[in-house]
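Trainee: Each chain, written out:
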Amino acid sequence: MAAEKILELKGVYKDFDGVSVVEDFNLYVKKGEFVTFLGPSGCGKTTTLRMIAGFEMPTKGEILLNGKDISSIPPHKRPINTVFQRYALFPHLDVYDNVAFGLKLKKINSGKVNKKGEPILRHLTKQEIDKKVNDALKKVDLEEFEYRDIDTLSGGQQQRVAIARAIVNEPEILLLDEPLGALDLKMRKDMQLELKEMHKKLGITFIYVTHDQEEALTLSDTIVVMNDGCIQQIGTPKDIYDEPVNAFVADFIGESNIYSGTIIDDNHVHFLYHKFECVDKFPKNEKVDVVVRPEDVEIMEKDEGILNAKIVSKIFKGVHYEYILMVGKMELMVQDTTSYDVDTEVGIYVKPFNIQIMNKEFKSNQYIGYLDKYNNLILDSGKLECDITQLLKGSHVDEEGYLVGPDGKIYDLTDADVKVEVGLGDIDIEDGEEGEIVGEIISMVYLGDHYRVIVRTEEEEDFVLDTIYTWNEEDRVSVHIAKEKIKLTLTKEIKEYEKA
Amino acid sequence: MKKLRFKRKHLSIPYLLFFIFFVILPLLLIVYYAFTDANGSFSFGNFVEFFGNRNKIRLLSVSAIIGALNTVLCILIGYPVAMILVNKKFVKSGIIVLLFIMPMWINFVLRTAATRDLLYAIGIEGGNYPYLTTMIGMVYNYLPFAILPLYSTMLKMDKNLIEASYDLGATKPQTFVKTILPMTKPGIISAAQMVFMPTMSSFVISDVMGERKIQLIGNSIQFNFDQMRWNEGSFIAFIMLSIIAILMFLTRNTTKVETVRGGVW
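Chains as they are written, first to last, in this note's numbering: chain U, 6 to 505; chain R, 215 to 479.
Source of the hints: derived by calculation from the structure; they are not laboratory data.
Possibly wrong hints are sitting among the right ones.
Selected chain R positions facing chain U (Cβ under 8 Å, derived; list incomplete) [what the hints assert, rightly or not]:
| no. | residue |
| --- | --- |
| 1 | 329 |
| 2 | 331 |
| 3 | 372 |
| 4 | 375 |
| 5 | 378 |
| 6 | 383 |
| 7 | 394 |
| 8 | 436 |
| 9 | 438 |
Pairwise CB distance ranges (calculated) [as the list claims (entries may be wrong)]:
| no. | chain 1 | residue 1 | chain 2 | residue 2 | range |
| --- | --- | --- | --- | --- | --- |
| 10 | R | 319 | U | 195 | 53 to 61 Å |
| 11 | U | 133 | R | 225 | 58 to 66 Å |
| 12 | R | 231 | U | 146 | 54 to 62 Å |
| 13 | R | 226 | U | 322 | 17 to 25 Å |
| 14 | R | 233 | U | 127 | 56 to 64 Å |
| 15 | R | 319 | U | 420 | 28 to 36 Å |
| 16 | R | 369 | U | 217 | 24 to 32 Å |
| 17 | U | 132 | R | 223 | 23 to 31 Å |
| 18 | U | 127 | R | 319 | 29 to 37 Å |
| 19 | U | 186 | R | 319 | 39 to 47 Å |
| 20 | R | 221 | U | 195 | 25 to 33 Å |
| 21 | U | 127 | R | 317 | 28 to 36 Å |
Keeping only pairs whose Cα atoms sit at most 20 Å apart, straight-line, the calculated SDA-like set for lysine to any residue is [claimed, not checked]:
| no. | chain 1 | residue 1 | chain 2 | residue 2 |
| --- | --- | --- | --- | --- |
| 22 | R | 392 | U | 134 |
| 23 | U | 206 | U | 148 |
| 24 | U | 319 | U | 292 |
| 25 | U | 109 | R | 390 |
| 26 | U | 292 | U | 359 |
| 27 | R | 303 | U | 62 |
| 28 | U | 82 | R | 392 |
| 29 | R | 373 | U | 239 |
| 30 | U | 488 | U | 503 |
Glycine included, C-beta positions come from ideal geometry on N, C-alpha and C.
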């Protein structure tokens, strides 16, 4: 049976004061599905949920509920209910009145018609409300709590009241905004199972927001991984875990080893200084990102595997040991149930289908900028020194700052538009805000022997760089690029700038 | 010899002394004077005198009506103002907050006199419309006292609750009546307490604004004390105290929510 689409988001964008929070969000949700929006804080997942609930209007795009655009309908008219992050229970009402809140406002068709033939609406009777509230409280195991004050309930109980309050209105879609965030670990695990159970029993479509990847894997039918306002990947928990589409998803979902590699031929990839057999097909010599899950690495006797490595750390994790191995200067995380001693040399093997190969998202930084009259490069974020003689072979800069060609022609490049390219290894960052270009580290992914860091400036320009130093997300740093590492190309012919 | 050790609880001694000398003792003095005569012997004379005197009863009623009216007006005006003040969208520049705080920096008597002159200039003369001018002066002076507690309860209110209300099917007016109003009730009660009693016992505003044509209970206390009639004055003060006590007692349950949550007032 092909389930029908209950909700569809088409090209949804959301800006707050010109800052883009959600970009080109496309998704459809099938009836009865458990969909999770997963991503780090600030990735736009809550904003998307709030747009579905109706608390935010999309800047652009459509939100279709059963095929009808609801993006301009106010929240109280949508057949959608929300379980809020900190429950948002009314402190002036007891449990019963909290749950009955929506029912008391609801009007239903009374079955009668008025003189004009329009159906007469009526409120629910006290008995009807009573029955529904009791049913809802029974579903969340809180039958005895009807007349308790909200303050006297524990976090888990408040959580259940919040769920009862939402489901009592029989919504078509239930939205849950990190509902387990305020609970302790044990309680969270229990509630996860209960939520899953409840979803099965109720048959309502659930849309769940969380930053906890384990929760997402446990609960969902479909996971939508988001980062920085964009959908990174949509898939079943298994798809997302086994076949991450990029380094971000791989890093965010579960533990992973991520390396830069090169494709040798159709069945081989080179990384960790060795040739590995693989199954993914990529063009020859392509630079790629390679992901190996720690549990997919097999430890064996020295010289029996593909390569040898040395165990440098061992942590007992309950079910397994977690080892850090060194292969040359690269780190490899391995999970294995067998105990090995630290400092042993062991062999390593990875099955071909356990090697995930992904397109490199990023090969170099590219910007559009222009030159000022002192021959500095001006980007949106700030000023950089650059070498303009690369624009014309054999040229030099004269005393007045004009570019002089080998044939003696003089060029005035003030305000000339240029394309800029900077390699990932050519950018340095420094603590503090002393430089011309200052930004915040928004992402950091470990790639075996170095980190890939993305620095975003206030002007929303990203600088992607590789560094061997550890930074923290949200660090404020200044960006430095050596003059000779900035590759410039004029957008127009150099002739146009010739000085008359 | 046992050494004197400074303990944390000793920090409360100055406060305790202050409390005894400036709060407890004066209160006891009021009660003492209220039930004694000029010679210092126990008597219900003041009681009989006050409740037997039609004028005094009228004075009390007028004061209570003006107090109640001022309370209602201050809350009616202060409530939306407080709502605007908590809304970050409107107060980015802080100018609105300044607008309401700035008048409080000006001397109270001066401010009241200036209000009177301003009203005079636009043709509302205190001598002709004593009640109108007095009410304007009262509202103007006590409005900040109504806004402050309302503002602080609204600030503490979880904005998610308003969204939850919409989410559950309430329209904007329904949300206001069923969610915002009940949750700000402690603030409304504090505002009423902050405005009602001080209005009743104030005498400067009615003197200045009403050009002495309006007598409030505060004027009466002041008049008695000016004439060295300590016992009569004290008895009226005692009545005021009783009214406060009764009002506090009546509203004790409604403010429960706030005391649990560590209220400001």
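Trainee: State for each hint whether it applies.
Mentor: To see whether the hints hold, each was checked on the structure:
For residue 329/R, the suggested interface contact is broken, since its CB lies about 38 Å from the closest CB of chain U, more than 8 Å. The restraint placing residue 331/R at the interface with chain U is violated, with a minimum CB-CB distance near 45 Å, outside the 8 Å limit. Using the Cβ-Cβ criterion of 8 Å, the hint placing residue 372/R at the interface with chain U is satisfied: the shortest such distance is roughly 6 Å. Because the smallest distance between the Cβ of residue 375/R and any Cβ of chain U comes to about 5 Å, under 8 Å, the interface hint for this residue holds.
Interface restraint check: residue 378/R against chain U, minimum CB-CB distance 4 Å, threshold 8 Å, status holds. Interface hint at residue 383/R: satisfied, since its Cβ lies 5 Å from the closest Cβ of chain U, which is below the 8 Å cut-off. Of the supplied interface hints, the one on residue 394/R is violated, with its beta-carbon coming no nearer than about 11 Å to a beta-carbon of chain U, more than 8 Å. With a least beta-carbon distance of about 42 Å to chain U, the hint placing residue 436/R at the interface is violated under the 8 Å criterion.
Checking residue 438/R against chain U: minimum C-beta separation of about 44 Å lies over 8 Å; hint violated. Taken as a hint, the range 53 to 61 Å holds for the pair residue 319/R and residue 195/U, whose Cβ atoms sit roughly 57 Å apart. As the Cβ distance of residue 133/U to residue 225/R is approximately 59 Å, the hint placing it in 58 to 66 Å holds. Between residue 231/R and residue 146/U the beta carbons are some 56 Å apart, a value that agrees with the proposed interval 54 to 62 Å.
In this structure the supplied range 17 to 25 Å is violated for residue 226/R paired with residue 322/U, their Cβ-Cβ distance being about 53 Å. Judged by the Cβ atoms, the range 56 to 64 Å given for residue 233/R and residue 127/U holds: they are separated by roughly 59 Å. Against the hinted window of 28 to 36 Å, the Cβ-Cβ separation of residue 319/R and residue 420/U comes to about 53 Å, which falls outside the hint. A beta carbon spacing of about 31 Å between residue 369/R and residue 217/U agrees with the range 24 to 32 Å that was offered as a hint.
Between residue 132/U and residue 223/R, the C-beta spacing of about 58 Å breaks the proposed range 23 to 31 Å. Between residue 127/U and residue 319/R the beta carbons are some 57 Å apart, a value that contradicts the proposed interval 29 to 37 Å. The beta-carbon spacing between residue 186/U and residue 319/R, approximately 44 Å, falls within the hinted interval of 39 to 47 Å. One distance hint, 25 to 33 Å for the beta-carbon pair residue 221/R and residue 195/U, is violated here, with the actual separation near 46 Å.
With their beta carbons about 51 Å apart, residue 127/U and residue 317/R fall outside the hinted range of 28 to 36 Å. Under the criterion of a C-alpha separation no larger than 20 Å, the hint pairing residue 392/R with residue 134/U is consistent with the structure, at around 17 Å. Distance check on the hinted pair: residue 206/U and residue 148/U sit about 18 Å apart at the alpha-carbon level, within 20 Å; holds. Annotation: proposed proximity of residue 319/U to residue 292/U is violated, straight-line Cα distance about 32 Å (limit 20 Å).
For the given pair, residue 109/U sits about 15 Å from residue 390/R by alpha-carbon distance, which is consistent with the 20 Å threshold. Simply put, residue 292/U and residue 359/U have alpha-carbon atoms about 19 Å apart, close enough for the 20 Å limit, and the pair holds. Straight-line distance between C-alpha atoms of residue 303/R and residue 62/U comes to about 17 Å, which keeps the hinted pair within the 20 Å bound. The hinted pair formed by residue 82/U and residue 392/R meets the criterion: a straight-line CA distance of about 17 Å does not exceed 20 Å.
This hinted pair does not check out: residue 373/R and residue 239/U have alpha carbons roughly 32 Å apart, beyond 20 Å. Distance hint between residue 488/U and residue 503/U is unfulfilled; the C-alpha atoms sit about 24 Å from each other, more than 20 Å.
Consistency note: the structure conflicts with the earlier hints numbered 1, 2, 7, 8, 9, 13, 15, 17, 18, 20, 21, 24, 29, 30.
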